[in-house]
Structures are given as structure tokens and as C-alpha cells.
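*Asks:* The lines below spell out each chain.
There are 2 protein chains.
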Amino acid sequence: MRFSKTFIKTLREAPKDETAKNGALLTRAGYIHKEMAGVYDFLPLGLKVIENIKAIIRDELNKLGCEEVLMSALQNPELWEKTGRFSDSEVDVWFKTELSAGGILGLAPTHEEPLTNMLRTYISSYKDLPLYIYQFQTKFRNELRAKSGILRGREFLMKDLYSFHTSEEDLDKFYSEVEKAYGRIFDRLGIGDATFETFASGGIFSKYSHEFQTLLPVGEDTIYYNGDKSVVLNKEVLNDEVLADLKVSRDELSETTGAEVGNIFKLKFKYSEPLELKYIDDNNTQKTVYMGCYGIGVSRLMGVIAEKFADEKGLAWPESVAPFKYYLVGIGEEGIKKAEEFYEDHSEETLFDDRDLRPGEKFADSELIGIPYRVVISSKTLENGSAEVTNRKTGETKIVKLEELEK
Amino acid sequence: MRFSKTFIKTLREAPKDETAKNGALLTRAGYIHKEMAGVYDFLPLGLKVIENIKAIIRDELNKLGCEEVLMSALQNPELWEKTGRFSDSEVDVWFKTELSAGGILGLAPTHEEPLTNMLRTYISSYKDLPLYIYQFQTKFRNELRAKSGILRGREFLMKDLYSFHTSEEDLDKFYSEVEKAYGRIFDRLGIGDATFETFASGGIFSKYSHEFQTLLPVGEDTIYYNGDKSVVLNKEVLNDEVLADLKVSRDELSETTGAEVGNIFKLKFKYSEPLELKYIDDNNTQKTVYMGCYGIGVSRLMGVIAEKFADEKGLAWPESVAPFKYYLVGIGEEGIKKAEEFYEDHSEETLFDDRDLRPGEKFADSELIGIPYRVVISSKTLENGSAEVTNRKTGETKIVKLEELEK
Numbered sequence: 000m001r002f003s004k005t006f007i008k009t010l011r012e013a014p015k016d017e018t019a020k021n022g023a024l025l026t027r028a029g030y031i032h033k034e035m036a037g038v039y040d041f042l043p044l045g046l047k048v049i050e051n052i053k054a055i056i057r058d059e060l061n062k063l064g065c066e067e068v069l070m071s072a073l074q075n076p077e078l079w080e081k082t083g084r085f086s087d088s089e090v091d092v093w094f095k096t097e098l099s100a101g102g103i104l105g106l107a108p109t110h111e112e113p114l115t116n117m118l119r120t121y122i123s124s125y126k127d128l129p130l131y132i133y134q135f136q137t138k139f140r141n142e143l144r145a146k147s148g149i150l151r152g153r154e155f156l157m158k159d160l161y162s163f164h165t166s167e168e169d170l171d172k173f174y175s176e177v178e179k180a181y182g183r184i185f186d187r188l189g190i191g192d193a194t195f196e197t198f199a200s201g202g203i204f205s206k207y208s209h210e211f212q213t214l215l216p217v218g219e220d221t222i223y224y225n226g227d228k229s230v231v232l233n234k235e236v237l238n239d240e241v242l243a244d245l246k247v248s249r250d251e252l253s254e255t256t257g258a259e260v261g262n263i264f265k266l267k268f269k270y271s272e273p274l275e276l277k278y279i280d281d282n283n284t285q286k287t288v289y290m291g292c293y294g295i296g297v298s299r300l301m302g303v304i305a306e307k308f309a310d311e312k313g314l315a316w317p318e319s320v321a322p323f324k325y326y327l328v329g330i331g332e333e334g335i336k337k338a339e340e341f342y343e344d345h346s347e348e349t350l351f352d353d354r355d356l357r358p359g360e361k362f363a364d365s366e367l368i369g370i371p372y373r374v375v376i377s378s379k380t381l382e383n384g385s386a387e388v389t390n391r392k393t394g395e396t397k398i399v400k401l402e403e404l405e406k
Numbered sequence: 000m001r002f003s004k005t006f007i008k009t010l011r012e013a014p015k016d017e018t019a020k021n022g023a024l025l026t027r028a029g030y031i032h033k034e035m036a037g038v039y040d041f042l043p044l045g046l047k048v049i050e051n052i053k054a055i056i057r058d059e060l061n062k063l064g065c066e067e068v069l070m071s072a073l074q075n076p077e078l079w080e081k082t083g084r085f086s087d088s089e090v091d092v093w094f095k096t097e098l099s100a101g102g103i104l105g106l107a108p109t110h111e112e113p114l115t116n117m118l119r120t121y122i123s124s125y126k127d128l129p130l131y132i133y134q135f136q137t138k139f140r141n142e143l144r145a146k147s148g149i150l151r152g153r154e155f156l157m158k159d160l161y162s163f164h165t166s167e168e169d170l171d172k173f174y175s176e177v178e179k180a181y182g183r184i185f186d187r188l189g190i191g192d193a194t195f196e197t198f199a200s201g202g203i204f205s206k207y208s209h210e211f212q213t214l215l216p217v218g219e220d221t222i223y224y225n226g227d228k229s230v231v232l233n234k235e236v237l238n239d240e241v242l243a244d245l246k247v248s249r250d251e252l253s254e255t256t257g258a259e260v261g262n263i264f265k266l267k268f269k270y271s272e273p274l275e276l277k278y279i280d281d282n283n284t285q286k287t288v289y290m291g292c293y294g295i296g297v298s299r300l301m302g303v304i305a306e307k308f309a310d311e312k313g314l315a316w317p318e319s320v321a322p323f324k325y326y327l328v329g330i331g332e333e334g335i336k337k338a339e340e341f342y343e344d345h346s347e348e349t350l351f352d353d354r355d356l357r358p359g360e361k362f363a364d365s366e367l368i369g370i371p372y373r374v375v376i377s378s379k380t381l382e383n384g385s386a387e388v389t390n391r392k393t394g395e396t397k398i399v400k401l402e403e404l405e406k
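Read top to bottom, the protein sequences are chains A and B.
No gaps in the numbering here: position 167 of the first sequence is 166 in numbering that gives the first Met the number 0, and each next residue is one more.
No gaps in the numbering here: position 171 of the second sequence is 170 in numbering that gives the first Met the number 0, and each next residue is one more.
Some hints here could point you the wrong way.
The list cannot tell twin chains apart, which means a pair is met if one copy fits it or any two copies do.
For lysine to aspartate or glutamate, the following DMTMM-like pairs were computed, each having C-alpha atoms within a straight-line distance of at most 20 Å [unchecked claim]:
no., residue 1, residue 2
1, Lys126, Asp353
2, Lys392, Glu405
3, Lys4, Asp127
4, Lys4, Asp58
5, Lys324, Glu67
6, Lys172, Glu59
None of these hints come from the bench; they were simulated from the model.
Sequences and hints are given; from them, build the entire structure.
*Replies:* Here you go:
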């Protein structure tokens, strides 16, 4: 991408009402634009980060045999009334709207009901199971407060996966495969070291669920961990019974804050029972399908990664999610000419700052935008066919032969 | 994709309330699932078709230098009140909803207002123009009736592009570039021959706008065309003044029906004036930005293409949008073994019907699902290392060497 051709400009200041670091930095660096509290647009750079995060999640889920769909946002209350979840006292984040043709619709805050119902068309025998179905879909949640930038959206992008099984054992087996896949996903996103599987409340049908919490000062969850972080639990389950189950004492635990980037949940019959999702087993007996669900907050992850790696100069993306690998600057006539040539060969992975600005301004923008490697080509570096390459995270600078800069 | 592994099954019958051919066929063939009138889910095959259509549009728009963003669905009334378009009497398809924190929000039926407003942050000088910005985004329209399958959705996927210019000449120039790009897009989608640029009403600021109408018996628009179809116009502009402008007489024109798959519109100052999108020209004078907008109905296109090429046996996708290129069937032990090998090498472009069914049932499904080429491998075809390849559209069958079947 040529900087001179994009509509984005870096901004000196974020909007005054943007109090969250992730929101302020991502706005100033031209990744997002705020429509209102908890509602953001994704600009070209931001959309690239979102697509990079999606690609990593998709790759890991497809390896497990998951199938991708796209469900609607508009929801028919009929299905949700069967589970009691259309009621605002049960689910307090509904956006509801009136249909011109008559009736009330909801905007999906999650998709257990429609997906469970849809599968009644496709599941009849044990031979149809197991199934794993996911989507990347925009959720709507009518949050009373939304002051955390893209960490808590009223409209946000989520990956939600649902699994369907004939037995609890099969559900358990897949659940642990997803646990491992989530580990790989957070590793690939560059936050593996800071992300912990955390015991959380299991609701009616399971003793526990698991959250994936990324340690973050502004995280909204309070979590507790033991010395080697082999046991991490959400404050909501900090009680004597749970401590006994997990074989830890209260004294061993330290408190910190985390941002929930994922959660996995053994639903069992919670939705398949009221929505009557059944199958015929190999003895010709009708049985209820076991279910699990597995979420990852995609736009929230973008905010968590932004916030996690930011420093006083700006953003610093891990290479796997960065919108571009190289931030290219040519200095002087010869340097600019060679930079143009380099860009021709590396246009996909390069943000070329070809604007008519002083190098210092370009360097400041490169730091704010947080592209992993700044590549500077000047007559001086060209003396031995090289560029000066600066690592955004470490600040380390190396002289690298141009042909050694990989695509 | 292995048919045995996907949750999709072809259905003998579509839901009783599905009266549209595209809706019924796409449901029976496992591409979509109906949530309610005008609201559909996209299943794995359907999502692939949508992504193929998006990829073609994206490719052509990126060639024009357009930049991709993703705007929010939730809308702040404030902006729309500036153009008078939050009023239900002005725009009669709003879905509106109440924010818990107080106030009314709308669900975007289109995005002129937020995009124009956002660009006030990014446009200040003539040097910032022209700009071309587009998105693939889910629109919400509270249609009173929605009985045309995915041809008219209450929730649907649209590509909307907006352009920003310093002069009418520059707007005209880009407008005609988009006209040509749309021609290429519809050609690549396989409906170029049946899609005509059509004169339509221009609203307040332009004499005409242009629609792209695909001839279709169930199309909702009535259009008129002359002998060589060099003049095509929407019924809404069939009057003496327009006939004089277009230099055709009423007698020359025949009537037919079309489905509007795209429209392009010279907005000029319609939104930039009330939303105060200004720039400083090279004489240091403040001026208002010229705008154009350019839509393509992505999910509607899927319905149009489905309906256009369907026959009594089912769907028949053009290769450019088909979810897979090959529908693979192995017959007999040897045929199945070789089919497995073929699938290993061609898994990306092949739907492998590895179900335990009779060949006749597989053939019927291959016709319903409408994959361009059915590839049958049996001991007979293997006698000379070949497969029997049947073209879905023509019904023509050829014996083709396996190694000649391209990826």
C-alpha cells in the first residue's frame, strides 16, 4: 500500500471521549473510527488486522474438521422463547426492533438457538454426528456501558463454534481438542505466553467452563493464579469448594486482571433439550444431542493485542497480525528510486511511505502504526546494496542486504 | 470437501413458505437456510459462492485504486437527521432499536451518511482527493414484503463504494470507470450477456442514474429496451422527455423484467453539503466535495445467478462462482480408490461424493447442487486412465485423461 494513495492519516489526538488506550491508539494510527461508544468502523489497516486474526483462527478450526457458515443477525423470538432467552430479564443485552410487517425481532447477541434449530433439518441419525460448525459473525449487545474501546463492543466481531455429539465422552474429547487449538491460536497471535486457560462458572449443566484470559492491566476480569500459573481461576468461582477441587489454597493465589479473549463451554442438553435436537442411535432409540460451544472475540483480540504490545511511541504488532510486514522509507533521490523498486517486488507486504514529508515524520508514523520492520533505503545504505532495518519491538537496527528481505 | 463429512444434506422439498425458485433450489441444494421471510443463513456451499462473488468484485475495484473498509451497522441518528433521512417518511425501511443507555439507534440500510461524516476527519485539502472507498457489509431493510428468496432481503450483503472528488469532471471520469468495471464484474460472474446498463431516475441532483439490470422472469423491475438493446430504461423514467433525450420512440421499445444487481449514482453535493464535507482548493478557497455512490447486491447476485442458470434438474453455476469445480464420484472398488487419489490432489476444487449411496443418487445430487463438472471414475474409465466428465450446463460428456483435469 502506498501511503500517498490511502485516505488514512495519522492523527495527533484521539477523540476526547476515547478514554481506552486501545481505542485512542488505534484511532490515532488510522485503524478504526468511532461511531459511538462501543461501535467502531474498521479502516483499511484495521480490516487487514481483523482478516489476519480470522485467517489464523480459520486455519486451526478447519484442521479440526470444523465447517464455516454465516448465520443471520435478525432473530425470530419464537426460537429464543423455547429456551427462555428472549426475555430481557434472562438476557439483558438484547437489541430488539419492530418488523414493519408485524412482530418483534431481536439482533443476535449469540447463536445457540438458531444453530441448534437449523440442525434439526440436518441431524437425524447417529451417523450424522459429530459435527462442528462455526462462523465469524457480527454480534450485537446492548451494553449499558462501553468505555473500553474495542475491548467491549455494542457491535463486535466474534468467532463462535458449536459442536454436536452422541455422547459426553465424545463432547469431552472434542472439547479438549478445542482447548489445544485455542492454545495454538493464541500462540500464533503472539499472546500465548500471556494467555491462560481459566476456571470459570459452568452454569447449570457443567461444574466449570473455561475462559482464556490474557493478562492485561485494563482487563475487566479479576483472576487469581498460583505460583507457576498452573491454576488460574476467575474471581466468580473463588470459593472453598472450587479451591478444594483445584487442590490450591487461597494463600497460594495472587490477584491480577485479565481480558477474556475466548471461552469454551460444555452445554450438554442446555439448548438441544428445549429445542428438541434429537437423533436415532444404533439401537433405533431417540436421544438428545450433546452440545458444546466455543467463542473467540475477534475484534476484542485486536484491541487486546494492540494494548498489550503498545509502548509510549505507539502500536507494535506481532508479525502474524500486522497489516504489513515492512514500513518502507526512501531517503534522497537514489534511496527513493530504490525504494520504488523494492515496493514493486514487495507490494503485498509493504506499507510504502511515499508521502512528501521529512524522514523524521515518517519514522514517527511508522512507530505509531506499529509495523514490525521499518526499512530505510538511502544512498548511504545503498553503498553495499543494503537497507537499514529497525525492529519495532526491540528498537534494534541492522543493515540487511536488500535481497535478503523476504516476502 | 468430502460429502460424508459435511453437515449438509440435499432436501427433497423446500419449506412450504418458500415460493421463490432461487430460495427453494438453494435451500434444497444445501446453500442457504431460511430463518424467516427475507432472512437467510449461508451454509458452507453458499458461503463459498458469496466469497467467490466478493473476490471478483474486490479484484476489479482494487484495480481502480479503491480501498476496503468495514462500517458499523448501528447508526447514530444525529448524522442522518442532518440529511433528513432518519425520518421514516423519508426512508421507510429503517429498523430502529433502543439503546439501554438511552436514545434510539438505527440499523444502516445504506452508508452515505456515516462515510461522508467519517471523511471529514481525513479530507482537508484538494491534495487528499480523489478517494474511492468501499465495503462488503450487511444491510438491514425493514421491507414490508420479502417473498423473493435472497433477491430481496431484510438482511443482505451489499458492496457499496463511495467516491469523493474536487470536480464534476473528475466524478464523471471515475463514474465511467466504474461503469466499465461493473461490465467486467458481470462478465466474470457469467451474466454479462444478460445484464444491461439501464437508465433510471437520478433523484434531485442528477438527471439520471444507472442501474445494472439482469434479465430475469421474476425480476421485480419492469424495463424497456430497443431492438439491439443499446437503449435500456427503467419504467420509472419512461416519459416523453426521457425518450427524446435517449433518441428512441416508444414504438421501438419492448417490455421485459429485470433484477437490479447494481446501481451507480452521481450524488454530487447531496450528502457532502448537509454533512459539510469540504476541502481547501489550490486557491485556498473552501469548497464542497463531489460524491458518487456505486452499489452491487452481493447476496442478491447469488440468487440471480442461481435462478438464471437453473433448469429442471437443479442449479448450474458458472465456474467463476461455483463452490467447487468438480463433483467427484468413484464407482466400484477400483474407481473409488482412484477417486480417493484424485481427491488428494484436487481437494480444494473438488466436492467428493464419498457417501455410501448408489451412483444414481449421487448423480441426481450433483445436478441439484450444480457443480460445473461431474467427474466419474470407474474401472471402465480407468482402462485408459481416464474419467467421464459431464458438463452440468450442456449435459455433454467426454472421456478425459485424469492428468488433464486441471486444478
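*Asks:* Looking back at the numbered hints, which does the structure fail to meet, lowest number first?
*Replies:* Those not satisfied: there are none.
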